[in-house]
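Visitor: Heads up: the sequence lines are chains A and B, in that order.
If you read the first sequence in this note's numbering, its first letter stands for residue 10, the second for the next number, and so on.
If you read the second sequence in this note's numbering, its first letter stands for residue 10, the second for the next number, and so on.
Hints are supplied without guarantee of correctness; some may be wrong.
Since the list can't tell identical chains apart, any single copy or any two copies may satisfy a pair.
Stated by the list, open to error - Capping the alpha-carbon separation at 20 Å, the derived lysine to any residue pairs in SDA-like fashion look like this: (1) K185 - T149; (2) K106 - H39; (3) K302 - E275; (4) K182 - D152; (5) K182 - H39; (6) K43 - G120; (7) K106 - S331; (8) K182 - D151.
It is worth saying that the hints were derived from the structure and are not from the lab.
Remember, predicted model here, so these are calculated numbers, not experimental data.
Protein chains: 2
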Amino acid sequence: MTDANYAVAGIGNAIVDVVAHAEDDFIQKHGLEKGGMMLIDADQADQLYDEMGSSIESSGGSAANTMACLSSYGGSGLFVGKVRDDQLGRIFRHDMKGIGIDFHTPAAEEGPSTARCLVLVTPDAERTMNTYLGACIGLTPDDVKADEIAGAQVTYLEGYLWDPPQAKEAFLKASKIAHDNGRQVALSLSDRFCVDRHRDEFLDLVENHVDILFANEDEIKGLYNVDTFDDAFQHIRGHLQVAALTRGGKGSVVVTPEETHIVDAEAISRVVDTTGAGDAFAGGFLHGYTRGKDMSTCARLGGLAAAEVISHFGARPETPLSQIARENGLD
Amino acid sequence: MTDANYAVAGIGNAIVDVVAHAEDDFIQKHGLEKGGMMLIDADQADQLYDEMGSSIESSGGSAANTMACLSSYGGSGLFVGKVRDDQLGRIFRHDMKGIGIDFHTPAAEEGPSTARCLVLVTPDAERTMNTYLGACIGLTPDDVKADEIAGAQVTYLEGYLWDPPQAKEAFLKASKIAHDNGRQVALSLSDRFCVDRHRDEFLDLVENHVDILFANEDEIKGLYNVDTFDDAFQHIRGHLQVAALTRGGKGSVVVTPEETHIVDAEAISRVVDTTGAGDAFAGGFLHGYTRGKDMSTCARLGGLAAAEVISHFGARPETPLSQIARENGLD
Chain A
10 MTDANYAVAG
20 IGNAIVDVVA
30 HAEDDFIQKH
40 GLEKGGMMLI
50 DADQADQLYD
60 EMGSSIESSG
70 GSAANTMACL
80 SSYGGSGLFV
90 GKVRDDQLGR
100 IFRHDMKGIG
110 IDFHTPAAEE
120 GPSTARCLVL
130 VTPDAERTMN
140 TYLGACIGLT
150 PDDVKADEIA
160 GAQVTYLEGY
170 LWDPPQAKEA
180 FLKASKIAHD
190 NGRQVALSLS
200 DRFCVDRHRD
210 EFLDLVENHV
220 DILFANEDEI
230 KGLYNVDTFD
240 DAFQHIRGHL
250 QVAALTRGGK
260 GSVVVTPEET
270 HIVDAEAISR
280 VVDTTGAGDA
290 FAGGFLHGYT
300 RGKDMSTCAR
310 LGGLAAAEVI
320 SHFGARPETP
330 LSQIARENGL
340 D
Chain B
10 MTDANYAVAG
20 IGNAIVDVVA
30 HAEDDFIQKH
40 GLEKGGMMLI
50 DADQADQLYD
60 EMGSSIESSG
70 GSAANTMACL
80 SSYGGSGLFV
90 GKVRDDQLGR
100 IFRHDMKGIG
110 IDFHTPAAEE
120 GPSTARCLVL
130 VTPDAERTMN
140 TYLGACIGLT
150 PDDVKADEIA
160 GAQVTYLEGY
170 LWDPPQAKEA
180 FLKASKIAHD
190 NGRQVALSLS
200 DRFCVDRHRD
210 EFLDLVENHV
220 DILFANEDEI
230 KGLYNVDTFD
240 DAFQHIRGHL
250 QVAALTRGGK
260 GSVVVTPEET
270 HIVDAEAISR
280 VVDTTGAGDA
290 FAGGFLHGYT
300 RGKDMSTCAR
310 LGGLAAAEVI
320 SHFGARPETP
330 LSQIARENGL
340 D
């Protein structure tokens, strides 16, 4: 194993978020899954966009948000994902550069436009997400470059990648390259609906391809079809090199074959928007992990990133996480 | 004069704001006018965008922001401006609809892309704006529809429209239609740099075409090339049906041929971002004016809108202004 060029290579859906306020009856009228992430097609996206209120646009995507946190801590990263060569695709690419993450995947020159997530924020501050995958469905194994993956300590995948048809092959290719080069592979289960859509494949991944698993309580219970966190915890023990399980205000539990750590959540004064908490945790955790920190320090770095991200609107950090790490004696 | 279809028809540059944080040395290195609005060409826009950090996109434009405030108070409005038929143009159009303002101007099908304002926010919360006018230069008199303008109580123009070459002709056409139909014409001087670029033409406008003038202290001093607010005030008296002069924390002064009103600024706990204060004042003022309110009530509605807009990032209101009017006994 040679020196790594990147701490983490993240593979994910390249998405621009389109965020608007909406009343509860708007959610109901359109039959949306409140608080969830639903996939919509181009016509549904056009219709929903047409009817929703004025909005704010910013780059998003689960793994891309994770990379933003890693980079904000000072970690080096690569992102692999597919945009179209349109204005939103250019915005996404610009913002990856702006946060200091390498992103070389060529834009699609034809086919669907850059992916958009239409996010509706109801008065209770919950977010209902409706994703049009657009150009993301064009991500193929060809977009995974052996030298780039071989040069990353960890290759990280968002579970949402199981939605576009060919992206999973890209991930399996990346996973093989990583392991052949003595690197590690991490997976985030993304959300409960995503677990429901792809349970069998995710179980196979966890058994056979993944070294580091990120999941929240809902997702890990969904994966094993059990009712309590403790039941899920008994299933996961011993199966993976690392399972980092987040529990919202209850903090996180990190499980390795040898040990279990229970780390409290960071105290924060006000939760504004929980979107991206899991992505941020993964970014902070992986930053510590790729710097050789112990498990409880990794979990604390994850928790600090999540605390920053949920204290304001938007899923990417506003305060440099490197500064927060310093203030907490974790640099 | 028949009943009006619209309280206000606003004519302005149709711009999408691209907002990023930047350090002072970035502003200096790129030779930007800190705190001002500078016009840049396509190449400069591409280069600056390439070098600035990750950003947030939202619909902007001076007159469009004014219309957003008018509509938020419950006023009916029309916007006239030119976008390209691209993704940013679609975003701009969507957001006009989302705030309840009619916008029928056809998008350009060729030529430059939709206008962008690259906004750099320095750590002192000042905003440095760099505008690529793009498709705005395609606004022509043909885009001004006689029936629409004839049906608006007030036709409102942003001074920035004097920058694109043909837009001023569109405004002069609109001004004539308005007056021929017994309607009124309002102008905002936009900013000090804009006044410097177009002083002679603005003086002619104020003398011969405009019934209602909006200007801040800097702009009105610039227009008359004088050093004190009182000197400018002496110049403006008697020249216009209404001059609404804003003075930041000192409130506003409204001058008519018969009377002068001095209205204090609204108390606000924290100024976050002063961008759009003038636009918001004009929107609130015109809402009161077109409902037949007295001058000091108009100025208070303007002041409340400005106070809302400067209490958060972004130049359009987040809290419905109709609600703020009710809370202040002004509905």
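Visitor: Take the hints in turn and mark each one as holding or not.
Guide: Hints and how they fare:
1. Taking the closest pair of Cα atoms, K185 and T149 come within 20 Å of each other only inside a single copy of the chain (15 Å); across copies the shortest separation is 59 Å, beyond that limit.
2. In this assembly of identical chains, the alpha carbons of K106 and H39 lie at most 20 Å apart only when taken from different copies (19 Å versus 36 Å within one copy).
3. Only within a single protomer do K302 and E275 lie at most 20 Å apart by alpha-carbon distance; the minimum there is 18 Å, versus 52 Å between protomers.
4. Taking identical chains as interchangeable, the C-alpha atoms of K182 and D152 lie at most 20 Å apart only when both belong to the same chain, with a minimum of 10 Å there against 54 Å between chains.
5. Taking the shortest alpha-carbon separations for K182 and H39, neither the intra-copy value of 38 Å nor the inter-copy value of 43 Å comes in at or below 20 Å.
6. When the C-alpha separation of K43 and G120 is checked against a cutoff of 20 Å, the pair qualifies neither within a copy, at 30 Å, nor between copies, at 41 Å.
7. Taking the shortest Cα distances, K106 and S331 sit within 20 Å of each other inside one copy (18 Å), while across copies they are farther apart (41 Å).
8. Taking the closest pair of Cα atoms, K182 and D151 come within 20 Å of each other only inside a single copy of the chain (9 Å); across copies the shortest separation is 57 Å, beyond that limit.
Violated hints, in rising order: 5, 6; the structure is consistent with all others.
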